[in-house]
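Got chain H sorted already, so can you dock chain U onto it with the hints?
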Amino acid sequence: MQPVLTDLIPALPEIFLAVAALLLLMLGVFSGKNGTRLVSGLALVALVVTGVLLVRQEGYEVAFSGLFIADGFAVFSKLLILLGTGLSLIIAQNFIAREDMDRFEFPVLMVLATVGMMMMVSANDLLSLYVGLELQSLSLYVIASFRRDYAKSTEAGLKYFVLGALSSGMLLYGISLIYGFAGTTNFITIAQVLQAGPAPLGVIVGLVFVAAGLAFKISAVPFHMWTPDVYEGAPTPVTAFFAVAPKVAAICLFIRVLEGPFGSLLPQWRQVIEFCSVASMVVGSLAAIRQSNIKRLMAYSSIANIGYALVGVAAGTADGVQAVLIYMAIYLVMTVGTFAIIIGMRQKGKAVEEIADLAGLSKTNPMLALALAVFMFSMAGVPPAAGFFGKLLVFMAAWKAGLYPLSIIMALTSGISLFYYLKVCKVSWFDDVKEPLDRPTAGLSWVVTATALVVFPVALVIGTPVLDSAAAAAASLFH
Amino acid sequence: MADWPILSLTTFLPSIGALLILLVRGEEQAVARNAKAIALATSLLTFIVSLGILVKFDPSSAGFQLVEEHSWIPALGIQYLRGIDGVSVWFVLASTFLTPICVLASWDSIDKRVKQFMMSLLLLETMLVGMFTALDFILFYIFFEGVLLPMFLMIGVWGGPGRIYAAYKFFIYTFIGSVLMLLAIVAMYLQVGTMDMRVMLDHTFDPSMQKILWLAFFAAFAVKTPMWPFHTWLPFAHVEAPTAGSVMLAGVMLKMGGYGLIRANLQMLPIGSATYTTLVFVMSVVAIIYTSLVALAQTDMKKMIAYSSVAHMGYVSMGIFSANAQGLDGAMFQMLSHTVVSAALFLCIGVVYNRLHTREIARYGGMAHNMPKYAVVFMLFMLASVGLPGTSGFVGEFLSMLGAYEANTWVGLFASTGLVFGAAYMLLLYRKLFYGKLEKPDVIAMPDLNGKEIIYFAPLIAIVIMMGVYPKSFSGVYAASLDHILTHHREALAAEGLTPPVANPASSFIPAANAETISAHPATSETPGTEHAVEPSNPETPSAETPAEAPHGEPKADANPDAGH
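Sequence lines, in order, name chains H and U. Per my numbering, numbering through the first sequence is continuous, rising by one, with the last residue being 1026. Per my numbering, numbering through the second sequence is continuous, rising by one, with the last residue being 1519.
Heads up, some of the hints might be wrong.
[Said to hold, decoys possible] Using 27 Å as the maximum straight-line C-alpha spacing, the simulated DSSO-like pairs for lysine-lysine come out as follows: (1) Lys1386/U with Lys910/H; (2) Lys970/H with Lys895/H; (3) Lys1257/U with Lys1391/U; (4) Lys1391/U with Lys981/H; (5) Lys970/H with Lys1123/U; (6) Lys970/H with Lys1066/U; (7) Lys895/H with Lys981/H; (8) Lys970/H with Lys910/H; (9) Lys981/H with Lys897/H; (10) Lys1257/U with Lys1406/U; (11) Lys1165/U with Lys1257/U; (12) Lys981/H with Lys1066/U; (13) Lys1406/U with Lys1386/U; (14) Lys947/H with Lys1257/U; (15) Lys970/H with Lys1394/U; (16) Lys910/H with Lys1165/U.
Don't read these hints as lab results, they were simulated from the structure.
The shape of chain U in the complex, shown without the other chains:
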């Protein structure tokens, strides 16, 4: 049992399910029923297997774990190489967790070509899990691009009226971005001689080369994240995609961009990251403010949530490139929180869309009266999206803003306005949908949540509250890895004589043990540059930290008790 290739198993179980579905023959009704049953069974089984990853994963180690290594195409330095670290482990679980929910959510709403839909969904899961666990760059690229194929079909075949335009835009936009990434991968391969990402992580690329490579990777991941101004494919894709497509898109696929930004841009190309920090900050702040305003003006609720995704992912990119403990921690947490919250919001929209077949906000109203359960569920996720303390959204947004504030006060200031706008459009949406008079006859006729819907909302609610109240249970898994990334990042910058953006790692938001290792680090390292970079900032520490800490005593209390172990 101990030597089971659990990552490969998690990756290819859904494919086996898809093959089984392919073999289903018979009358259309029966085929649809069996396909759904097989999809649900395989995705649940995959989820259970993937829980094994979490069990086997050792959060105290920063390196790659559960590594599977097989020779594949030695002539090109390509291996079948898989493994996870703290950064990727949650994304794997997010993929396996959301897939069965998507199967349930599509149970009644997908009524044509069910067999092919379920196959696409399962293949999508394979690609996503494969992508997050690939440690060979070509394998990574294959899965990264492979994700496009099932998604293209899901939008194009089962989407709304504008599905073809949306599917095209989605595919071509992301493909061109990734081809540039492929060039960067090839360039890196020719320098290092292997596609092994672990070797590339340890290799220091020439600073001038890093700047070009960084841009190439950024092109791919900025489209995927998506960052302003490369976000224009997202609203179309979301609006036209079926509910399950939107859930997977917002829940996991956008995180591919964030994951790539951490793994390739921040971790492999520290000099490039330091060079373009300002660019990312500007793009993130514009995304946060501009897309929030755009969201405010939407009349289509799916489009509104889509734009809010862009804004929320703006916090992620901002946090990642603030390159300090709080920012990166916040970015990771924000991604996880967004996974659950945006997925849940799209599921919520799916609930009423299935009943009324319109996404126009104006067509609804007063639903708090006849759909009380639905109103409660929606409110919870709406508040999590806004970032109410006690929900998952708060921790991520707060930490990433704190990180940005330390890196650049103005960025922190502008980003915080996004919170207000976010609250504005979400509360407005809620008011229009749920309050007011219940007068439209078809809205009155809508039944409240049914059993199936409650089943798939229940775990999401639990996770959102769990993440808000006890964030350590999630952040503890990746703390060691992030710590390692930042140490590496700081060393690389110091070696180049650059001052790290924030030379004050001793934050109260990372577990005490880790904080010690970080602060102890400059002392042990013999590089004069490192000490030089750290020391001058130390006197500033109290003044910089006290005001930031004082008003936010509460969340600290949440995080601190667990810092002990």
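Chain H on its own, in the form it takes in the complex:
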């Protein structure tokens, strides 16, 4: 039947990945304990195929009675999500085998979470938004506590679940208010309603609740409390995954909700975003200074980074969206690279995660120390690393939109955050070896090398095409 096909084709990548996840689940069940490697490998293949399907997609299509949208913005965000999931899956391989997490559910859950994230960024209705978000969140709750015989991991999962449920509640409450006052949950119709006349107060209140719920997902201050504990408690590859794919998905969803249906309320929501942004930058930069656990450090670093990305969101322009997309792309690459190094941190076969354990890395493994320095300087925004260009784009967008105080705070906090990134470099370059780290496995080294090369020289060369596609993606949101 023709109508069904027109609905299915825009959602083909999601459908394919969902079916693939179910097939992998079956495969896992029948192949037993030894099937994890196979399932992981096939999951990677499924992610790559989904990526190819996505790239072949073009144009702007609304499907399922306006619930689902496939546009340039969605394609760009989904490619980032797939890249994040794929890289996380690769760096998880060795770890799950050694830390007794060798169960086939792990890759399957990651794939399912990815399907949820893809649904999120393609949501064109508050209901499909919620369904996508929950599919993602439920999968993430489970993998956060994947090491179920390990107290910290279960604690992380539980904490994430309780606070996540709270934020989902807030989100739902906001959605109900918006529905009550605007009379619809569809993004396009909401936009029409809001453009037609002054916004009802209930919609604005509802929007604040929705924003709070989404701010929880991107761990923006003041909804960030779960982040350090979950980052520390969850198994490291899971933390890596948490730090990249869901963050990209949530911030893209955030952009879609704010710039799409509520675009005309920019002056109202900008205040909320500005507050979250400044709070995240300040808390993220200051709190990270005292951390001694590298995973907690990365948690605060991700909070600060989200603060920078929110500066671009607050700009509320196509430039701002483009800047955020680029920023998140760069953030994704350098975060995966850093976590690949953290996963590789082992002393005599035992996993360690204190910053002090990196001491003397430049003597025992100079190339790894060099890569770590590249990532740290990139995160701090020191040129010529790619992170600098991400910050530069956000700066430009914010300045153009007239957000001068926000830009200046961003500049100063990135100076403060330099302090703890330098600390990692200092330990790995200046301190003496106490206990050498084991050599990372081939897979990890591969990811570290590839991401480090992207962050430093390659980004300088491929800048223009990536910028152009991000610009096109951002433009599709403001058509």
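Relative to the frame of chain H, chain U by itself:
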């Protein structure tokens, strides 16, 4: 050959050398030897290539030359754009000249992780040359910040006991200053629509905006120069850095600040410069007097030279913002002179530090007896630092003070006291180190300069004397560019109805040809403001100039014979 991208070649040759060193494998001894050899070879090759820049450079033209232009990130208006003018050409050569000297100076003194040290040194050279030749603001910023990375490693890995604190302070101080500059760059970009510095130089920014932009740039460059009170990172960085680090730091990196002050603050933001002239004068004078006094109280000789650097750079900032021909000429000359003299002084300290491993002045004494060659070399650079006529230090200090005197008599007066203090602490240092009884057994045991040391001191001595005796050979290269900058500056101020700080450009210290073009300029320009600004000062000219000229007939005689061409 003519179309070779010589600037890119000079910039990236050292990086290629660093990559080669990265590939060196094998036993530790052999690796260290090969790394040193490769570093020396590449840095010498780079120096030879960079001499090509000097050959190709046309000193009579004020514009940017040897421009290389390639599209890079058009969406952001960012280009790969390189070029030099008279202001930058010497700094490029200073970087390429000092690097091989640093390799030689670190030959025996760096004994751990030699491979990485040499790579850092070569990368530092890339960043420095890149920074001085960048004409795209983002490219400029990338290199400007990129300099921090190798220097951070050099201080942190090969430095002294307090190296970690020093490296942190160095990095964070300069980084925060430069981030503010980045904001200013973005603001300027959004106004102009391109990152091309040449376009920005021609663009007149709104006066109220200029005042804010000026402060943002000043934050970055005042930290880098460093100007009082932003200088506190420098003594730590110098004391803890290995000799080569100190040499590059004092020799070239401080000049990044001076170069930026000329290029961005003075040249792009004339109204901002005129607004804050007093601020800069106060900061410079305080730097000259206060840091000289602080230097007097030091017991660590490296710290003493570090503080003297701050004082000497005070003359530079003072000269730049006096915004007249003498002042700017003096500032440039002072920077070049300081490059050679401070580098040489840090090398001198390195010589004895390598032998005795202490920088305490009190641990030495009487070295004139057992190290006569060393004593002579040290004395020469000490006198150049003090500003003895006939050495490079004199020309720069004298000209910048003359410029300041014309702009503001009090500033000139206070700044001149710095000369006395400078002489005081340097002579005191010399007396403590070289005179007195030679009684400490380990000092007695120290051998005099060896062949390697003589090799790297010889060119430095030659340059110091050359600059002192025949300054035109150096100043001739940048005269046209400075002339152009000042003309532009005066026009911009006149257009705003502001009186230029000194409307008397016809000085005897700039070549006659240039003086003519300047003095001829107001006549040709139709702006009534310009004429108005120039004319009233003309009657004062003789009275203002005669007393300043009369006692200093000698240096004029040095400068004048070359003014003919």
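Here's how the hints hold up against the structure:
no., hint, result
1, Lys1386/U with Lys910/H, "41 Å, violated"
2, Lys970/H with Lys895/H, "24 Å, holds"
3, Lys1257/U with Lys1391/U, "24 Å, holds"
4, Lys1391/U with Lys981/H, "47 Å, violated"
5, Lys970/H with Lys1123/U, "12 Å, holds"
6, Lys970/H with Lys1066/U, "22 Å, holds"
7, Lys895/H with Lys981/H, "13 Å, holds"
8, Lys970/H with Lys910/H, "17 Å, holds"
9, Lys981/H with Lys897/H, "15 Å, holds"
10, Lys1257/U with Lys1406/U, "25 Å, holds"
11, Lys1165/U with Lys1257/U, "35 Å, violated"
12, Lys981/H with Lys1066/U, "18 Å, holds"
13, Lys1406/U with Lys1386/U, "26 Å, holds"
14, Lys947/H with Lys1257/U, "45 Å, violated"
15, Lys970/H with Lys1394/U, "42 Å, violated"
16, Lys910/H with Lys1165/U, "48 Å, violated"
In summary, the structure is inconsistent with hints 1, 4, 11, 14, 15 and 16 from the numbered list given earlier, while agreeing with the others.
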